[in-house]
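Protein chains in written order, with my numbering: chain V, 1 to 439; chain U, 1 to 250.
Note that these hints are calculated values from the structure, not bench results.
Treat the numbers as computed from the prediction; the structure is a model and nothing was measured.
Cβ atoms here follow ideal geometry from the backbone N, Cα and C, with glycine treated the same way.
Do not take every clue at face value.
[To be verified] Think about it this way: if two alpha-carbon atoms lie no more than 20 Å apart in a straight line, the pair counts; the simulated DMTMM-like pairs of lysine to aspartate or glutamate are:
no., chain 1, residue 1, chain 2, residue 2
1, U, Lys52, V, Asp354
2, U, Lys52, V, Asp385
3, V, Lys30, V, Asp5
4, U, Lys52, V, Glu397
5, U, Lys205, U, Asp183
6, U, Lys52, V, Glu386
7, V, Lys348, U, Glu89
8, U, Lys52, V, Glu357
9, U, Lys52, V, Glu384
10, V, Lys53, V, Glu384
[Claimed, not checked] Footprint (simulated), chain V over chain U, 3 or more residues, beta carbon under 8 Å:
no., region
11, 22-28
12, 46-58
13, 146-159
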Amino acid sequence: MNFSDIKFWEQAFELKSSLLEGHEPDWLSKIRKLAFLNFLKQGLPHNKLEDWKYNDLNKLLSRDACFAESDGGQMLSDIELPNYINSHCLVFVNGRYCPALSLRNAFSANINIYSFSEAVKIIPEVMKSLWLKKTYLTQQVFASLNTAFAEEGYVLHIPRDVQSVLPIYILFIGDHAHKNSVAHTHNFVLLEKGSKATLVEHFYDNVTEESYIHSNFTEMHLFDNAELMHYHLGDASWGACHLADWHVSQGKNSVFQSFSCALGSDFSRHDLQVQLNASGAQCDLRGLYHARQTQELDYHTSINHVKPNCKSHEYYKGILNDSGHGIFNGKVMVSPNAQKSQTSQVNKNLLLSDRAEIDTKPELKIYADDVKCTHGATVGQLEEDEIFYLRARGMGEQAARQLLLEVFVSDIVNAIDIAMLRDYVSHRILSTLEVSCGS
Amino acid sequence: MLEIKNLHASVHEKSILKGVTLTIRPGEIHVLIGPNGSGKTTLGHVLAGAPKYTVSQGQVLFNHHDLLMLNPEERARQGLFLGFQYPIEIPGVSNIYFLKTALNILRTQQGQKALDALDFKVLVKEKLDMLKMDESFLYRSVNEGFSGGEKKRNEILQLLIFNPTLAILDETDSGLDVDALKDVAAGINHFHHEGNGVLLITHYKRLLEYVRSDHVHLFYDGTIKKSGDYQLVSDIEKLGYEKVLALESI
């Protein structure tokens with residue numbers, strides 16, 4: 001069936017509801033139903049909607065879709081974990097939690113980490129309160145669809161004043177997924193007052209061209225003085241379609257930092273929404289996208305300054321090559337009583353080909369008068385003067401271009417403060433840049 | 001080592017070089033002097049292989065190679081060095097990385113062993129001292145935020161490190177105070193020996209008080225109108241370009 005066929009979704013939801021009936025709490029089924037109704041009400045996106053006007057929706061909507069009844073015939077032993085992983089990891093294969101590959105023993109006792117289904121059984125009250133927030137209502141339509149369908153994901157709960165030193169790795173691996181399959185994962189991160197954690201979400205696969213869709217929705221709640229460092233690496237193969245939704249709500253003086261890197265997938269849409277709900281909260285969002293061939297990589301960020309004295313900072317960089325298409329839309333809202341807000345936004349892009357395209361748009365809605373707000377976007381090419389200078393010193397043209405591209409990404413990559421992950425990400429980026437230079 | 005014959009070049013279909021003929025032999029220092037916009041910088045860039053210029057006519061032999069057939073990096077590897085009038089800033093690339101990488105490319109090309117970090121430091125330290133440059137230069141981005149004088153010193157530092165066979169120095173003397181000018185001149189004199197050649201492009205006589213000039217060429221409207229020795233510089237300084245040219249036509 002076609003992804004854009006509403007009947008497909010109705011049938012799938014009906015089937016899902018009948019399968020889940022009696023196997024999960026009523027409140028959860030109820031929320032699923034509401035979320036699905038919200039999806040039907042909103043309908044699938046189209047280009048007349050402001051939030052989707054730049055997207056080539058054919059890439060998404062004209063796909064075939066199906067729900068795989070069982071996992072692909074994966075040979076779990078064949079799946080290799082990335083080399084930066086030493087411990088503390090939860091692994092999902094084709095959207096399903098995979099205990100055999102996860103390394104959970106290493107988690108310290110005061111860090112609570114569950115799979116979605118475990119959490120519903122072990123901490124039902126917490127889960128219920130999280131679901132009842134109905135966060136999907138504030139997100140894009142695919143968050144509603146995700147909420148209606150997702151049965152898997154991770155739940156991370158860090159108790160009050162616990163400071164988790166070691167990063168927590170979550171791997172979402174596509175492994176010979178059924179052709180055109182759709183997987184949904186829905187996650188929750190709950191950081192109690194004064195707690196601290198570092199989280200890495202890494203999406204990749206060992207499928208080369210097979211088409212599949214993965215929708216992931218992570219809700220993060222930071223209580224007062226909590227600190228979360230969130231990393232995301234989207235590195236799936238060309239056949240993949242990656243829909244990523246992140247919702248962050250922040251308490252007083254909490255700090256949310258995010259680094260997202262999009263290299264893979266033919267179509268990748270990232271919606272990151274941050275609610276600065278209490279005074280003194282701050283967020284620092286960084287991202288890097290490199291679109292090649294016919295890739296479309298989209299970052300839609302939305303920061304809502306609800307209360308006074310909050311700070312937000314955004315720094316996104318993009319490299320667009322071949323017929324690659326990048327989209328950056330940075331929405332910032334400052335509500336009337338959010339005085340003394342500080343917000344800055346920078347988006348820098350390099351176009352390496354005549355066919356490449358970037359759409360960059362700041363969207364500022366400032367309703368308070370005492371705010372400090374800056375934004376800037378640049379679109380440029382590699383400087384021919386710089387290339388000539390390097391060549392005039394004996395450096396080959398490819399090497400000169402490569403060096404300038406490495407320099408372009410270096411500030412953002414060097415800010416990754418987990419050394420092993422930084423090396424891994426840097427290696428992945430450099431290997432894609434080499435392809436770009438060689439073309 | 002360099003033989004330019006009837007060289008014509010243009011940029012965006014605007015003709016700039018209109019038949020340049022010049023021969024530089026090993027051990028010689030040539031001076032190209034001429035008014036703004038006469039095409040001196042273009043000549044330097046065309047010789048170094050800047051892609052934005054189109055050569056329509058002429059021939060250039062450099063150490064028995066057909067120079068115009070080589071791309072910029074090959075010319076550099078064959079021993080041609082252009083000191084830029086406006087050295088390019090490359091934010092994010094540290095000077096030491098740039099210098100070491102470029103030197104090792106040249107060395108490997110010439111069949112020499114690449115220098116490791118330690119050997120390179122020893123080599124560069126000696127040159128820095130000669131040019132009275134602080135070691136902190138090495139750790140700043142290439143030319144970024146350098147003053148005009150610092151940029152020019154950095155070009156001479158490269159000249160000394162890369163040690164080419166032909167140095168084309170495009171207005172390396174402009175914008176320098178007296179002390180800096182002396183240091184730059186000392187750098188050029190240190191570089192120069194019987195086996196290499198120098199082409200100095202300049203506006204002023206000042207540099208020539210410190211650097212020996214074997215041949216002086218008056219460059220005007222895309223070509224060499226008059227050649228001579230140091231006396232020509234003095235005449236130009238006294239009378240101006242127009243009058244010196246008029247003298248010739250009498």
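### Query
Broken hints, numbered, in rising order?
3, 8, 10, 11, 13
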